[in-house]
Amino acid sequence: MNATSRRTWIVAIALGLLSASVSRAQVRTTISLDRFFLFCPNAITQNFPLNGPVQTSWLICWHEVAGYNSLANPNGLAIGPVYFRKSPNAPFVRVLWDMRVSDYFVPYHPGYPRFYDLSTYNFMLAPVSSADCPACQGGGPISPHVCKEVRDRGLMWKDYGGVRRGEELILWGAIDAANYRYIQEYTFRDDGMVIGRMGATGQNLPYSELITHVHNAIWRIDVDLDGVTNSVSWLQHLEDPNNSAGTATDTSTPIPTARGLVWGVRTHDALEVTNAAFKNAQGHLSGYRLVPLVTGGGLTQHYEKFTQNEFWVTPYNPSQFAAKLLPTYVAPNPSVANTDIVLWYKGSLHHQPRDEDGTYNPNHLWVGTAHVMWTGFMLMPHDVFDCSPFYKPCP
Amino acid sequence: MKRLRIPRVALIFAIVFAFNIALPGHSRGAQESPARSKQSLTSDERSVIERAVLEDKRVRQIVGEEKPRVLTSDAQIDKAEAEAFLAGKTDKQPARRVTVVVFNPKTNRAARVLVSIEESRILEVQEIKAEEVPFSREDAEDALALAKASPEVRRAVGGRLDQFTILESGSDARVPFAAQALPLRSTNPRDPCSTDRCLDLIFRTEEGYLSVRAHVDLTKRTATIENKQDGGQHQ
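Note that the protein sequences, when read in sequence, are chains A and B. Residue 53 is where the first sequence starts when you use my numbering, and the numbers rise one by one after that. Residue 1142 is where the second sequence starts when you use my numbering, and the numbers rise one by one after that.
Hints listed in this document are in silico derivations from the structure and should not be mistaken for laboratory results. The model shown is predicted, which means the values in this text are computed figures rather than measured ones. The beta carbon of each residue, even a glycine, is placed where N, CA and C say it ideally should be. Each hint should be verified, as a subset may be incorrect.
Unchecked claim - From the structure, some residues in chain A lie toward chain B, with a derived Cβ separation under 8 Å:
(1) 88
(2) 117
(3) 124
(4) 178
(5) 255
(6) 285
(7) 289
(8) 419
(9) 442
Could you build all of it, start to finish, from the sequences and the hints given here?
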């Protein structure tokens, strides 16, 4: 082969590989969209910003679970799979396979009653109407039980050079748990953030209207970061208030086997999911962090073992949906390194009844309703973008 | 030579490019899926599954020959197969499976059964404790019947007790006298509800909830009025 011929081959192969990289990006997107809608016909595509050139996009599959065996497959609004695209030319990357509430556990202060509001009875999603999600607020029912809202989310950033507001898409439904309603809300923001929240509202428990209790929601979050080969680390901020130097450190401790972890009120505990093959343009390992959104300054724990950790990490197992069985899921110490993992998070609401919840009428009937209290978590992208999104083009 | 070089470049380029675009072509054969969620069962699927479960000898050995309660979950999709489908590696839609719990309230024995929907085949049968069995509409109806037969509950609720009917969760029906079930679990080993199947009934009228709860032990077949505002356990 002479020099000219060699050059020809090199040019041809280079062109071929170039086409491969371009077409692969397109193919990945094309296949994802094509297949995604076959797999999930009611999926939602959401581009941000709502006006102007598209910068980020979500592909969100959702469905309602309304079976009669809520221990094996908890009823309610289930989200996933979910894909995120960080720029118009980037591929869609999977972030979640399945996200849902596993259970609501509600113990009353006297030690009794102790309700499991999803796993022991087949409570279903309550109907929603345009009054629940009015069009003037960017909303509308997308099923008889699920609302979609797309709206301004307030400030995204504000600095010396200007200001920008952000936007978000919200899907929510409400479990009809007899006297109570549990709002299952999932938010997908323009900046790649996912937020899951529980809202507790409704009528206080008859005959125990004035008894303090705790509403615990335990979410099962099957994170798939660009595939199923993921790892988890436990992040902490460590600082000694007696240290006059005022120094602090951040630690990242890999979690090799399934376990539960206690959230620390002073240590900003979080879990970070990464995929060794998923990096941004800066070569930084991309991750999503599970960060508690704590209401009221703390998270309660109870006698039941599964409530004695706020975080749990387990390997993916299609038959494991029951929060109350978490201690048995982790007992054999299965590996959670470089594998398909599931995160669990418990959020708590301390509900001390108040006159604003209601009062008794002369016939001793309870009149009033408890306004919504919220708790939840966020899944925050970390080094997923190459630079500050929605600001200026990356330098 | 120059005339030959251009086609060679084009040929190699074409081969590499064709190889790369072969994948999307693969997806064209994918079957259209129905508009409904893949996780929902049709009534036909549900009845086929339940029949298969009830005819299974292993299930019958556990729960006996009497008519049991059957609790069927929505379908779950095989994740590995779903991934392969989404990635265009196969045109085969992912397999769906359901978990069925079969419970005999008379013997208090229960089985959990894993069923393949496409194959109408039972994959796994396992005995489970009665306390793991989720409560059903039948339990609520049973509890309301026990409550209506209880003089203590009748005294507390009054003459309207007979008018109450069980209101299904998720229903927006305007039922004037709605009874609702709240299943209970106890952590106190001295409380019968730590092992028995217990639930509380609450009563909603058009003016609001009655400030009363009927406590029903389905295992012991008793119905009483909750009077444990101080949190005492059932003894």
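### Query
What are the numbers of the hints that this structure violates, sorted from low to high?
Numbers 6, 7 and 9 - these are the hints that the structure violates, sorted from lowest upward.
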